[in-house]
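Student: Here is what each chain is made of, one letter per residue.
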Amino acid sequence: MPFFKRRRFVSIVGPKSRVPDGLWMKCPSCGQAVYRAEVEENLWVCPSCGHHHRITARTRIQYLVDPESFRETHTNVDTLDPLEFTVGEVSYLDKVKKAKDKTGITEAIITGFASVEDVPTVLAVMDFFFMGGSMGSVVGEKFCRAADDAIRERLPIVVFSTAGGARMQEGILGLMQMAKTSNAVRALNEAGIPYISVLTDPTTGGVCASFASLGDIMIAEPNAEIGFAGKRLIEGALKVKIPEGFQTAEYQYQNGFLDQIVKRSDMRAFLGRLLRYLAPNRPVEQPVQ
Amino acid sequence: MAENSNENSNRKPVSDFVLPFERKIVELEALRDKATSEEERATIGAELERERTNVVANLTPWQRMQLARHPNRPRMMDYVRRVLDDVIELHGDRLGGDDPAMITGIGRFRGRTVAVVGQQKGDTTDERIRRNFGMPHPEGYRKALRVFEMAERLHMPIVSFVDTPAADPSVESEAHGQAGAIARNLWAMLRLKTPIFVAILGEGGSGGALAIALGDWVAMFEYAIYVVCPPERCAEILWRDIDKKEMAASALKITAADLLSLGVIDRILPEPGGGAHRDPEQSAQVLTEELDRFLGDYCSKDNWDPAQRQQRFRRLGHWRETG
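Residue numbers (this note's numbering), protein chains in the order written: chain A, 1463 to 1751; chain B, 3 to 325.
With the rest of the complex left out, here is chain B:
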């Protein structure tokens, strides 16, 4: 599908970036790799497993935000390659543009054809720049929309991978109608008469994420986040101090557990100790099983109906009735 399709799926991490709370994991990994005997390797391995579990046991919301933005975190295409059996990329919005930040295609999953949509942040510096760090332009949302509509016509379930800091904030995107493009996708995703599966992989950044995230079933990785606005922006606006971003991250309730309790997502996908980037294969396996359950159980129900999706979003919100 993408240009790296021949890439080894057991590739090395794309960056040597290490978060402060990950240092011990990295040290232990290095020690394990240098181990001379099987016994030593096993001992260090056990300690490594404990450390991986410990690190993620007490993460603050801000630290989770950092994990969600980790440069080594598996991207949309890392999952697409592992979860789907085959995929054919589709380009262009048919209105004059093709946005590399949004990837769309037709995929095969266990004998079934699905439409695939998602934001791709990119691995190398060049790819990140080319893909605008996963921040789609209106052309990207319109490309997603035309693939959604094709999926409905051709009776394909839709699989949407969400991983974006935000919709592209630029003069050009505004001129091309960013607001209207996002709005039209929201409208369409609530209308489509085909099942929609959404996986929030890393960053669910505001309207830019929401525009491909209205599903019958919304699954979210354990250390992914989903926000109304980035904590930095929230800190600027409400505290007038960007250094309050950690406070904002806590206040905004951005973790998968928060979102599950607020009824915004349906399932938390467990990640390996230390986060998905420590073992992308395992994360992909979890996502594969979840997608299989959705396509197998949920979609085979005779009573599957887009009205359920509509009612779900109609109900969202907390208010009370007075007198």
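Chain A on its own, in the form it takes in the complex:
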């Protein structure tokens, strides 16, 4: 079968915008040396070329919501190791512990209530720095609980996705989270709750092929990588050269899969406007017979 190309060495590329410490940093997109504080000041967008660096969920929430308005939920849902999965000497839970220590968050998604430009909403934000944003049982469960909150409180829900896909260390249960989260979207849809899905760099694999692609409104950040199969897999399996700009937000936009591409600096205002228009959420009254 040509699907699996035998390759002895595989290099795993880390988060491409992992910023080294120091006063200056080199933009991975344009190669310009830029003053780090200036990039940070600019919401981690390169002042030279507009490249959107990956940011943590906490940072994103801080950029997005009205000051002091975020109330985090479901922090008590904690990871288990259903398969007793170990790579070498490192158990899955060791790896989770390391990710918790590194990121200061409990899993690859943060959920809560917030207001954006004075519109109350439920918010779920994924974090790529926590095990590549991979979706395991906790991400799936927290997503569903956030959706339940939105339905119960009659609030819209905004979800920022970033993920490499399903969490391999949970095996088939990782895969099943695609079904579980899609079911939550079905429940939102049936309840008439607006669901805004924002895709950020990167949103691929099982997350892209489930809840992230099911928004009533589909938004992406500029230049975000968005797709199902990884580029290396496509190149390796089919021995084809992939076209320039393949699987970028702009490419998905051109192909009709996104409503808008919104810059980070415009995101709060844009979402505020969108939420105001979607939030009333009352059916048009039927004329009395």
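Hints in this document: simulated from the structure, not taken from any laboratory.
Just so you know, even glycine gets a beta-carbon here, dropped at the ideal spot from N, CA and C.
Just so you know, not all the hints are guaranteed correct.
Simulated restraints, written as ranges between beta carbons of each label pair [said to hold, decoys possible]:
{"id": "1", "chain 1": "B", "residue 1": "A259", "chain 2": "A", "residue 2": "C1511", "range": "35 to 41 Å"}
{"id": "2", "chain 1": "B", "residue 1": "V28", "chain 2": "A", "residue 2": "R1694", "range": "53 to 59 Å"}
{"id": "3", "chain 1": "A", "residue 1": "T1548", "chain 2": "B", "residue 2": "A37", "range": "46 to 52 Å"}
{"id": "4", "chain 1": "B", "residue 1": "P22", "chain 2": "A", "residue 2": "N1538", "range": "45 to 51 Å"}
Position chain B relative to chain A; hints supplied.
Tutor: The following block gives chain B in isolation, referenced to the frame of chain A:
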């Protein structure tokens, strides 16, 4: 339904491919066929039965993976022809494409009409290429979706046959929205107000399989596998070494017994000794009985309700609540 519908159901294996642990079975089969007396045939036959049972008694997860991918393993259409009384194939996604990797149709089963959906890997080299080795494109998932929706409108139960290494990973499929097509099927299968029966025949490969596998009842053949990603990919990513694929196959818990204990499937369908390809008739009979039970018992319940399917997938996962 397909172009081979006149094919003899007792056809010869499509390939002389033999796995290392199958060699003795094949030798014994040859000996039995050459046997000159009834007595000799019976003796060899008994030994063959023992060998078939022994071989499958101690399979590693990787060996099960090899059986699940066996070129002679019965395909979707091998079951469709044997399990259903008649079938009419339906083509096209109504959006501009028809994907040969995904077969859809209307079937008759014991006096009842059902909608049929499944991935077909193909037997001959030409058919395999034409069917893209059973890896559906977005057009295939959309074809399945429109047949699902028709089934709901016309009150037909859905029978879905899962056998795919993965969804097609190509530039074209990405351009046509593979991720969104899979997502939309997941969403729809949880919404549909008609019963859904799923049979995992061979390879349940990741999202490509899942997109037609959300059922009220999920049955899985004994030596089929169901994975979050192929063990080769998992080995590359986690061990950075594709030669660790056997280790990955064990770690990922891909066997029917694992999936039953994790609550992902409802029943293991027993296979004949040596695997389904040793006796496709018997495997088809097992599947026939299972489908009959589903359509007879499960669907006739007054309280049948898609909410049960929704709750089942809502519950899946392992986590704990702290303080």
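Student: Could you work out which of the previously given hints the structure breaks and list their numbers from low to high?
Tutor: 1, 2
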